[in-house]
Amino acid sequence: MSLHDTCVHCKLPIPPADLVIDEIDGKELHFCCRGCQGVYRIITGAGLGNFYKRRDWTEQGMPAGVFEAEFDDKVLASHVTTHNETTSEISLVVEGIRCASCIWLLEKLLSKEPGVEAMQVNYATHRAQVRFNPQETSPAQIFAAISRLGYQPHPFTAGAAQQAAAREQRSLLIRFGTAAFLSLQLMGFSFALYGGYFHGIDPTVRQMIQYFAAAVTTPVIFYSGWPFLRGAWRSLKNRAPSMDLLIAMGVLTAYSYSLYALITGGEVYFDTAAMIITLILLGRLFEGSARHRSISGIDKLLQLAPDTANLIIAEEVRTITSASLTPGDLILVRPGERIPVDCQIRDGLAELDESTITGEPLPVLRIQGESVSAGTLNLSASIRLIVERVATESFIARMAQLVEDAQNRKAPIQSLADRIASIFVPLVTLIALGTWVFWFFNNASSAEALLNAVSVLIVACPCALGLATPTAVLVASGNASTRGILFRGGDILEMAGRVDLVAFDKTGTLTLGKPTVEQIIPAPGLSEDEILRLASRVESGSSHPIARSIRARANLAGIHTGVDESVETVPGCGLRMFDSKGEVLVGSRNFLSENGVVVPPVSAGALTEVYVSLNGVWQGVFLIHDPLRDEANQAVTRLQHAGLQTVLLTGDRPEVAKQVSTVLAITNYHASLSPADKAAWIVARQQSGQKVMMVGDGINDAPALSSADVGCAMAGGTDIALETSDLVLTKPNLDRLCEAIFIARKTLQVVKQNLFWAFAYNFVTIPLAASGKLAPVWAAVAMASSSILVVSNSLRLGRLIRRSFPVAKRPTNN
Amino acid sequence: MFKSIVILIVLSLCIGTGAWLFFIWTVKRGDFDDVEGPKYRMLDEDDLPEEQKHQLKGKTHEK
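First to last, the protein sequences are chains P and H.
Position one of the first sequence corresponds to residue 1 (the numbering used here), numbered consecutively onward.
Position one of the second sequence corresponds to residue 815 (the numbering used here), numbered consecutively onward.
Excised from the complex, chain P in its bound form (with noise of 0.2 Å):
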């Protein structure tokens, strides 16, 4: 292929009778369309040019038509705050982000517009701040001068639940600053104090010190220790124990007895409490941003379906808001635009990208009649629409439920250490309180008595109980995210390395989800080039993506042709363009049949067939294949050899799904399933005792993957699909997936192992307590070399997952 086969801007392949050329800066460059054009004029002319240089695109951008739809101002007005007369601030999504570059230019551009005063864009969400001055521009300039450069901006106001969530994460932070900070001084203080318990301390230096460790750990307990104080007094008032319950008795055991032990001159155990609540944060913290960073697509997904919406009354249009629509309204979507609510086309036809719903990637052509979903973007042209739901109730609205039911009802799945916890928290305090009577009725003096109760409760403390489990899922979960696999929690790790079977969606999943010609088969007597260039010839005008694939195979044999003449589109059909040789038809098998050419059986099997005719006369037949991914093979291969099963769960036809489950070698595969059938499924799977993982991207796929013990969705399919899901892959490779497992199954034994030290541990050191012959000193040294050992078999795991899968030296950036 020669350079001037895609455009400069775009990277597209320049369809040949769009070409456009033109001279910038004495060179000679080609673009695909007008659009490009300009904003490659745009782009340049601020002197962004760098923009070409450091873009890293690796998806395609917004289909095209996006870009018709206008801004109005008087919408726009209620997603404004006012700071003061000449300082307002607009926060909106932009869609159509693929890179650090697009944002780079974002930023850039915004800034030079005039008014606008600071234009900032977060790299993880795609919610951008624009701070202006509104007696200079108006949110309506903002919002065209980004769609100008291609991108969708949307107003966005974030909900009362994610504002929420973001002030917790940081009041998270700040707890673990505090307690961090605060168990670094209170470390240099334990220092001391344990020199001086072996080498001999001044008494009232002693005492000092003690008096400092304890006002510094006091913050620590009762401010960063908080939140587990109120999850243990919420799980007394439950009645079931669980590890927060566990740990606050610990450390307010500890806390309570050093205090004491500060009044009456003993050994202090500040350190102990502090540290527990320390490293258990951090724990915490890491999760929290795991969770964090899958949770914005929800935003993105309900944002797509548009805030207004054209009314007709009376053959006038009015722009309204589409939360007032109500059934039995009509309204206009142009082309470019998205339907604001669930709707059915009463006059008109059009191509509609559903992808954002079904994560296909082919427009479906909708007549009157049919039923269209709120979200869908129409393609080619204007049609008018029956309102049959209102905003609240559409298919996304109504996903969108489905899915947070689900997550609620698998809320409560309990982990291991909280069930360790219901039995061990009442197994401690019985065992204090018989230590406590026992050496009460036999001589003892209160003070022993109550001493070795104490004691008793200062070994169960459960340091290396409660760090087994956050330590094994921190060191995974960071192993993991360096190498774009998002666990969305402990409970998930320890869930994935239970599962023993993986179902597969096929579209985007297992295939790449971009169509590509498999074989051409020409009429006898005529070259594949031939039908190959009468095709490419009248698809040249065609965004659709089979015209693309088409377009893209005559690029690669060389074939470069031009349009004079008029190619006429008959939606969901096909093409028909007139030129010196007579009448072109390219389509489908019925589109072909229907203009009166006979056409010859083709067993196509799994592919998609595209015919062409000449004049009436059939000419060949294209066989185009979404391939599937390189390494699906071997992936599959390497789920079974972990002893897991695999199932392909697809909406496609029964020949297809057969076919792929061949290829691939899969245990199993069912065809022609709506989105509840796939979750039925699994719930089904699951009530005969098994532990299921759905793989998947699309909307229809949101059920299972919320039904499933675990979900994973990978990166570029649907928004709603990444928000589903327990587990994300941030590259789309199914090498993660088995990677994943590997690094859950590794946890699940690294935290059976840890459980079972820390275990033994109490298990020598409770009776010895009990029986009064362990000093508390001593006791807490056996404790802190027991954390010492689940630590460094936790920080293991974090080498064996590196020695098992090296990371490629610099990560893609996509």
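Read the hints as simulated data drawn from the structure, not as lab findings.
Quick reminder that beta carbons are idealized off the backbone N, C-alpha and C, glycines included.
Zero decoy hints are in this set.
Here are the computed distance ranges between Cβ atoms for each label pair:
1) P:Lys658 / H:Val841: 48 to 58 Å
2) H:Asp845 / P:Pro219: 16 to 26 Å
3) P:Thr87 / H:Val820: 44 to 54 Å
4) P:Asn50 / H:Phe846: 21 to 31 Å
5) H:Val820 / P:Val764: 40 to 50 Å
6) P:Thr44 / H:Val841: 38 to 48 Å
7) P:Leu556 / H:Trp839: 57 to 67 Å
8) P:Thr87 / H:Leu835: 27 to 37 Å
9) H:Cys828 / P:Thr44: 49 to 59 Å
10) P:Ser256 / H:Cys828: 26 to 36 Å
11) H:Val820 / P:Ser785: 25 to 35 Å
Taking beta-carbon pairs under 7 Å as the criterion, some of the chain H residues facing chain P (in silico):
12) Ile823
13) Gly830
14) Trp834
15) Phe837
16) Val841
17) Asp848
Based on these hints, arrange chain H on the given structure of chain P.
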């Protein structure tokens, strides 16, 4: 001896508190909300000191 230990401890606490307050300030300012961005942004801010100032100002007012 006793006095100097007290002075040193109090001094270290003061310095630590300063660092802690600085940390709280940065969290409230939203510096940890987007930990992904700065690694790209630091390479971008080369020739535009004017806008840099604006951007820094813009960050202070987040909920």
